[in-house]
Amino acid sequence: KQEVTQIPAALSVPEGENLVLNCSFTDSAIYNLQWFRQDPGKGLTSLLLIQSSQREQTSGRLNASLDKSSGRSTLYIAASQPGDSATYLCAVRMEEYGNKLVFGAGTILRVKS
Amino acid sequence: DAGVTQSPTHLIKTRGQQVTLRCSPISGHKSVSWYQQVLGQGPQFIFQYYEKEERGRGNFPDRFSARQFPNYSSELNVNALLLGDSALYLCASSLFLTPNTGELFFGEGSRLTVL
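Taken in sequence, the protein lines are chains V and S. Quick note: the first sequence, position 24, residue 24 per this note's numbering, numbers continuous. Quick note: the second sequence, position 25, residue 138 per this note's numbering, numbers continuous.
Calculated from the structure, these hints are not laboratory results. Virtual Cβ for every residue (Gly too), placed ideally from N, Cα, C. Some hints could be false.
[Stated by the list, open to error] Far from chain V by the CB rule (all over 12 Å, computed), these chain S residues:
1) 132
2) 140
3) 177
4) 186
[Unchecked claim] Only pairs whose alpha carbons sit at most 30 Å apart, straight line, appear in this in silico BS3-like list of lysine-lysine:
5) 165/S with 100/V
6) 112/V with 143/S
7) 126/S with 112/V
8) 68/V with 100/V
9) 165/S with 42/V
10) 126/S with 1/V
11) 100/V with 126/S
Could you build the full structure based on these sequences and the hints that come with them?
Written as structure tokens, this is what we have:
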């Protein structure tokens, strides 16, 4: 059974700091990994999707890496801003023809101004 | 273009009642999935539909059911509500089912409170 763990559970940093969020998964037989952002009481916003054959994806200040063999992904946020405060979730896809994602519990990020 | 839309946004029910949640996918998307997110946890997969057929089911009791309509919209039904069904119910859509085009886009969710 696939298990996804995110560390740390919560993180508080001053504005402008670069930070790394970690995601690990127990079964390396994944098809892709997706990072999401969730604001309190809201839905999920897709940030980055990394296919299993890729090593990293970048979007603006965000960079996500994937090491499938070791079961790890990191989300790097550069020059953090108060608007980045949210919960960040990673999810892995196990099936070639299916949209079932297995999620971690998330990292709650607070960026202080 | 409109994203994934869900209704209602909030609702309160009592134990034993039944609830229907609705979802409209992004225009052109043929796959809809439903997830349950309990406070403080990541979303859990409930159902997936593609071209009006069920293509996946998570570990949820038979009280949970869903369907997809010809216009690709979907409904999630939960019968005999329990206190533990209180959660944010999220709908996600994607163009197809294959991984290379399988980025999921989520709606804002329906917040269900069972008293």
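Exercise. Which of the stated hints cannot be reconciled with the structure, identified by number in ascending sequence?
Worked result: 6, 7, 10
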